[in-house]
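Just so we're aligned: the sequence shown equals residues 762 to 840 in the numbering used here.
I should point out that these hints are in silico values taken from the structure, not numbers from a laboratory.
It is possible that some hints are incorrect.
Taking CB as the label site, the calculated pair distances span [stated by the list, open to error]:
id, residue 1, residue 2, range
1, 806, 780, 15 to 25 angstroms
2, 807, 776, 13 to 23 angstroms
3, 838, 814, 17 to 27 angstroms
4, 768, 839, 14 to 24 angstroms
5, 768, 799, 17 to 27 angstroms
6, 796, 769, 14 to 24 angstroms
Using 30 angstroms as the maximum straight-line C-alpha spacing, the simulated DSS-like pairs for lysine-lysine come out as follows [what the hints assert, rightly or not]:
id, residue 1, residue 2
7, 774, 793
8, 793, 822
9, 822, 774
10, 773, 822
These numbers were taken from a predicted model, which means no experiment stands behind them.
All C-beta atoms in this analysis are idealised placements derived from N, C-alpha and C, irrespective of residue type, glycine included.
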Amino acid sequence: MEAMNDFITSEKKEATAITVMRCMLVTYSLEKNIPFEQAMLDFSQSRTYEDLFDFDTEIWKEGPDYLRGLYEEECSQRI
762 MEAMNDFITS
772 EKKEATAITV
782 MRCMLVTYSL
792 EKNIPFEQAM
802 LDFSQSRTYE
812 DLFDFDTEIW
822 KEGPDYLRGL
832 YEEECSQRI
């Protein structure tokens with residue numbers, strides 16, 4: 762029996778990752794009182810962004826809260 766991931770295309774994984782990222786960034790930008798575009802730019806330069814689109818990490822399967830936790834942890838380590 763093949764694993765479920767064998768049936769999920771890269772395109773579907775990418776679409777899911779984008780949806781999770783967008784949901785996270787909408788609430789993040791509102792709570793931080795920064796423009797969505799700035800939040801997106803900052804996030805796109807992070808290791809968390811790279812990990813999200815490295816489908817082997819399976820972060821794309823998690824929700825926006827999990828993604829935000831990873832991102833905020835990364836940001837706190839930069840300080």
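These are the hints, each one checked on the structure:
At about 20 angstroms, the CB distance of residue 806 to residue 780 agrees with the hint of 15 to 25 angstroms. Take residue 807 and residue 776: their Cβ atoms lie about 20 angstroms apart, and the range 13 to 23 angstroms holds. For residue 838 paired with residue 814, a C-beta distance near 20 angstroms keeps the hint of 17 to 27 angstroms intact. The hinted range of 14 to 24 angstroms is not satisfied by residue 768 and residue 839, whose Cβ atoms lie roughly 38 angstroms apart.
Our hint of 17 to 27 angstroms for residue 768 and residue 799 is violated, since their Cβ atoms are close to 37 angstroms apart. Between residue 796 and residue 769, the C-beta spacing of about 33 angstroms breaks the proposed range 14 to 24 angstroms. Only pairs whose Cα atoms come within 30 angstroms are accepted, and residue 774 paired with residue 793 is accepted, the gap being roughly 28 angstroms. Pair hint residue 793 plus residue 822 holds up; C-alpha atoms about 25 angstroms apart against a cutoff of 30 angstroms.
For the hint pairing residue 822 with residue 774, the CA-to-CA distance comes to about 8 angstroms; that is within 30 angstroms, so the pair holds. The hinted pair formed by residue 773 and residue 822 meets the criterion: a straight-line CA distance of about 11 angstroms does not exceed 30 angstroms.
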